Amino acid sequence: MISLIRFVRREKIGLSGEIEMEQFNNFEYLKNDSDLIGRDEEMKEILYRIASGNMLLIEGEKGVGKSALLKYAIDNFKGKGKVVYVDVGTFGKRLDIAKLLKGRPKEMVLLVDNIQLLSESNNKKIKYFYDQDYIKSVVFTTADYSAVNFTDAIRSRIGRNIMKLDSLDQDQALEIVKGKLDYDFVIPDSVLDWLYKKTDNLKMFLANCDLLCGHLRREGEGVAKESDAVKILRKDLEGDEIEVCLECNRKLVYVGKSWRCESCDKYCKGCGVLYDDDDVKCPECGAEIEEESR
Amino acid sequence: MKKLTWYNEMGFYNNPFSIKPAVFHNELFGNASAISMVTKKIEKPGIIFISGEFGTGKTTVLKKLVGKFRAGRFGKKKIIYYNCNQGERSINYDKLLIGAGGFFRRLFGIRRKEMIIFLDEMQDMNQKDLDQVKKYYDDGFFKSVVFVSKYDDLDLGEDLEYLIGKNKFKLGNMTKPEAVKMVRERIGNLKFVSDSMIVKIFEKDKNSRSFLKNCEDVCRVAFEDESSEVLDDHVLKVLG
Chain E
1 MISLIRFVRR
11 EKIGLSGEIE
21 MEQFNNFEYL
31 KNDSDLIGRD
41 EEMKEILYRI
51 ASGNMLLIEG
61 EKGVGKSALL
71 KYAIDNFKGK
81 GKVVYVDVGT
91 FGKRLDIAKL
101 LKGRPKEMVL
111 LVDNIQLLSE
121 SNNKKIKYFY
131 DQDYIKSVVF
141 TTADYSAVNF
151 TDAIRSRIGR
161 NIMKLDSLDQ
171 DQALEIVKGK
181 LDYDFVIPDS
191 VLDWLYKKTD
201 NLKMFLANCD
211 LLCGHLRREG
221 EGVAKESDAV
231 KILRKDLEGD
241 EIEVCLECNR
251 KLVYVGKSWR
261 CESCDKYCKG
271 CGVLYDDDDV
281 KCPECGAEIE
291 EESR
Chain A
1 MKKLTWYNEM
11 GFYNNPFSIK
21 PAVFHNELFG
31 NASAISMVTK
41 KIEKPGIIFI
51 SGEFGTGKTT
61 VLKKLVGKFR
71 AGRFGKKKII
81 YYNCNQGERS
91 INYDKLLIGA
101 GGFFRRLFGI
111 RRKEMIIFLD
121 EMQDMNQKDL
131 DQVKKYYDDG
141 FFKSVVFVSK
151 YDDLDLGEDL
161 EYLIGKNKFK
171 LGNMTKPEAV
181 KMVRERIGNL
191 KFVSDSMIVK
201 IFEKDKNSRS
211 FLKNCEDVCR
221 VAFEDESSEV
231 LDDHVLKVLG
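Taken in sequence, the protein lines are chains E and A.
So the first sequence is residues 1 to 294, counted in the working numbering.
So the second sequence is residues 1 to 240, counted in the working numbering.
Hints may contain errors.
Okay, derived cross-link-like pairs now, DSS-like style, lysine-lysine, Cα gap no bigger than 27 Å in a straight line [as the list claims (entries may be wrong)]:
(1) A/K77 with E/K164
(2) A/K128 with E/K106
(3) A/K20 with E/K80
(4) E/K82 with A/K181
(5) E/K106 with A/K68
(6) A/K200 with A/K176
(7) E/K102 with A/K64
(8) E/K99 with A/K20
(9) A/K128 with E/K93
(10) A/K176 with E/K106
(11) A/K64 with E/K106
Simulated restraints on C-beta separations [what the hints assert, rightly or not]:
(12) E/R217 with A/K204: 33 to 41 Å
(13) E/P188 with A/Q86: 57 to 65 Å
(14) A/K204 with E/K231: 54 to 62 Å
(15) A/G109 with E/L165: 50 to 58 Å
(16) A/Q86 with E/F185: 29 to 37 Å
(17) A/D233 with E/W194: 40 to 48 Å
(18) E/K198 with A/K204: 41 to 49 Å
Note that these hints are calculated values from the structure, not bench results.
Small disclaimer: the values here were computed from a predicted structure and weren't measured.
Just so you know, even glycine gets a beta-carbon here, dropped at the ideal spot from N, CA and C.
Model the full assembly from the supplied sequences, consistent with the hints where possible.
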């Protein structure tokens, strides 16, 4: 029972890689499980460092595929109960490495995502558990190694074991999307090319392809056209613009069911409905309006 | 099927160049005089302070001593090892002393006396714990105390400084013959790495931990290159 709860918790909180991937399951077109593409050397290095009991740091920009690599590394240990994955961003200050390892066997493999947020006490604990062999090997990921507040003890243990992840080239990115599609004619190459050039990183590109599949499904279309891709991107842009007031350019607040500007609009603070200068009560919910705001 | 690493292919079960303290319970290399002095001193009452840079083998020395005295002529467990990075806010000495006893002592909560305590990473200790060490030492619960820290200029207070006196030891790097001996102890008389190559790797970085990491990387590169032994090119490729 306890192991079941632990499993569920790990699925829900720990494996954020899983959660990010889950959105692809919402649509029939993009599959969750696909082969690792263009990262064979990196995967080999990760598995070697894990096997040989080293500390490894993966450095790469946002959306380049660090968590995805960890996810594939976890798959390699499936069912052996030897891996702990933790995303420091999810736990924040509540994270306690000692509690995480309590009751687990020796020689665990620890995978830590987003370590730029790791506290100093957890730093020391990782060093202690690593030295005492409770942890066999550690893989860290971060967007920027210089911004990480590692203690010198951990830095000296990592040493040269730093792997820099560069973004994949266009062909590999397209291959990943095609691997996730059941029928690869659904999004033609020209549309994929166009979408790829409009996005900064792989994660955004996949998310946009995902949105496109959802759009096709809702519209009942079989093959995507460039106009569909344009619609997807424009929807994003409109979404961004809505959050800023057109008159004073300030950020809008979400009240009730609509976006309002705090300085330009006169609205009921309870339900967000606009009212006139003369109104004493809100026309929607009947709440009294304060004189100052009038 | 499990993929084999270079050291598995060469017949090692574990990574022979592991940087973990005392993974292989072999003899220690380097700092021979300091270690023999510490070994002598901890049998007599007193407080000892050991310092050393990262990766010079402080924890390794402690682990070795723990192993030696546990199996040694004392018979019973006489040593308490405590790492101040363990994560607890303050050290519960009573719990440590009770835990070091046998079944009946643990059952009735009787503290053992005349124990030797090793306090690793003591730079992270708080002042209250430090004061209490002296109290327990004076009361006879601790026969000797060994402080280990990476800094050698810590302010321990007048009383402790007086008790430590000259018992301050600093661990340094190994010498060339010691480095060769250590590697030979770990990998045996493999012709894959010659003694001259070990010296060359050692000269690039004399810190023990870095040296082991460098050895591992060079051997891995040479093995993946399908070379029959480690050559200058491999050292250059990895260490520049």
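Hints and how they fare:
1. A/K77 with E/K164: violated (47 Å)
2. A/K128 with E/K106: violated (32 Å)
3. A/K20 with E/K80: holds (23 Å)
4. E/K82 with A/K181: The hint is violated at about 35 Å.
5. E/K106 with A/K68: It holds: about 23 Å lies between the C-alpha atoms, which stays within 27 Å.
6. A/K200 with A/K176: Since the Cα atoms of A/K200 and A/K176 sit roughly 9 Å apart, the hinted pair holds (cutoff 27 Å).
7. E/K102 with A/K64: Holds, because 26 Å separates the two Cα atoms, which is no more than 27 Å.
8. E/K99 with A/K20: holds (22 Å)
9. A/K128 with E/K93: holds (26 Å)
10. A/K176 with E/K106: Violated: A/K176 and E/K106 sit about 35 Å apart, past 27 Å.
11. A/K64 with E/K106: holds (20 Å)
12. E/R217 with A/K204: 33 to 41 Å: With Cβ atoms ~59 Å apart, the hint is violated.
13. E/P188 with A/Q86: 57 to 65 Å: holds (59 Å)
14. A/K204 with E/K231: 54 to 62 Å: holds (59 Å)
15. A/G109 with E/L165: 50 to 58 Å: holds (54 Å)
16. A/Q86 with E/F185: 29 to 37 Å: violated (59 Å)
17. A/D233 with E/W194: 40 to 48 Å: This hint holds: roughly 47 Å between Cβ atoms.
18. E/K198 with A/K204: 41 to 49 Å: For A/K204 against E/K198, whose Cβ atoms are near 48 Å apart, the range 41 to 49 Å holds.
Of the numbered hints stated above, those contradicted by the structure are hints 1, 2, 4, 10, 12 and 16, listed in ascending order.
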